[in-house]
Amino acid sequence: MSQATPHPAQPFEQPWHAAAFALTVHLHERGLFSWTEWADTLARALAADDRAGRLDGGDDYYTAWLAALQSLLEQNGIAGDDEISEMMAAWTEAYLATPHGSPVTLSPEG
Amino acid sequence: MPHDHHDQSPHSLLPSEPALRVKALETILVEKGLIDPAALDAIIDLYERDIGPQIGAGLVARAWVDPHFRTALLTDADKVITELGHGGRQGEHVVVVENTPETHNLVVCTLCSCYPWPLLGIPPGWYKSDSYRARAVREPRAVLAEFGVALAAGTSVRVWDSTAEIRYLVLPMRPEGSAHMDEAALAGLVTRDSMIGTGLPLPVGADK
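Protein sequence lines correspond, in order, to chains P and U.
Take the position in the first sequence, starting the count at 1, then add 6; the result is the number in my numbering.
Take the position in the second sequence, starting the count at 1, then add 32; the result is the number in my numbering.
Don't read these hints as lab results, they were simulated from the structure.
Note that this is a predicted model, so its numbers are computed, not measured.
Note that the Cβ used here is the ideal one computed from N, Cα and C, for glycine as well.
Hints may contain errors.
[As the list claims (entries may be wrong)] Here are the computed distance ranges between Cβ atoms for each label pair:
(1) P:G107 / U:E197: 17 to 25 Å
(2) P:L112 / U:P42: 15 to 23 Å
(3) P:G107 / U:T187: 57 to 65 Å
(4) P:D65 / U:E208: 54 to 62 Å
(5) U:E130 / P:P21: 35 to 43 Å
(6) P:H106 / U:A182: 47 to 55 Å
Produce the complete structure using the sequences and hints provided.
See below:
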């Protein structure tokens, strides 16, 4: 029945774009920051990006989006760069230690 | 190519740096009890499956056939949209701007990428690009020409800069020769770009 404009095939080019988007929307809905605060932080991150002026709105845009999210988490005392780097290292290790095809999980630390 | 070595058991494919970063953020936030993973999935599903330009197209088509609805939409879009269940989640206001033979409206967000998500879904890459964000204000006619929109000489262009608080939606002009079409068929002519201002509705007969 629908002759309406079809959906874009994929609103998000990469799963991590969608994940970064959802994290931000969810944290806002949980009251962690106002949307104005978010938009201001994102605008600053876009302007501060090394490639500012040439961002094509894809990966580079969501990279700035992540930088904005991280700076809000840091400002709010939720997670700092070190903690995030450590968690990234833990995930990297988990991926490298998991045979292809098996689910990758973080080993619980003692 | 380490994966080609037979003496090494191949490990899982390592995600990209930003993908790992998002994963790390999720883990940290879940551990701190600040997010609910199911809610994240629900948000992604919503934008991948349910919300898209067809919602805005429905509003436009209805405004074309129903003068009272058109007036209500142009006067207080928030009220109309909320009543229809398409209200925003960021507390934003939606303002609908109408194209006329005298004025063509073009929407941009010069600072980031504010966009009427509940009506149009996730913006296309070009809307978020630096080039569009900078040039839409500086040289809107050149941008429109690149999108294939040629305006009559007497039509002026008005550019609307969206913000976190106000998101704009363009109400395009009803295509000529569409008098016989009903609301559902008309909605099929309304493209996403025509509601941003970088396009016009499809001509009658071209929606198939």
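Hint check:
1. P:G107 / U:E197: 17 to 25 Å: At 48 Å between Cβs, range violated.
2. P:L112 / U:P42: 15 to 23 Å: For L112 (chain P) and P42 (chain U) the Cβ distance comes to about 20 Å; the hint holds.
3. P:G107 / U:T187: 57 to 65 Å: holds (59 Å)
4. P:D65 / U:E208: 54 to 62 Å: Given a distance of about 41 Å, which is not inside 54 to 62 Å, the answer is violated.
5. U:E130 / P:P21: 35 to 43 Å: holds (38 Å)
6. P:H106 / U:A182: 47 to 55 Å: With a Cβ separation near 54 Å, H106 (chain P) and A182 (chain U) satisfy 47 to 55 Å, so the hint holds.
In the structure shown, a violation is registered for the earlier hints numbered 1 and 4, in ascending order.
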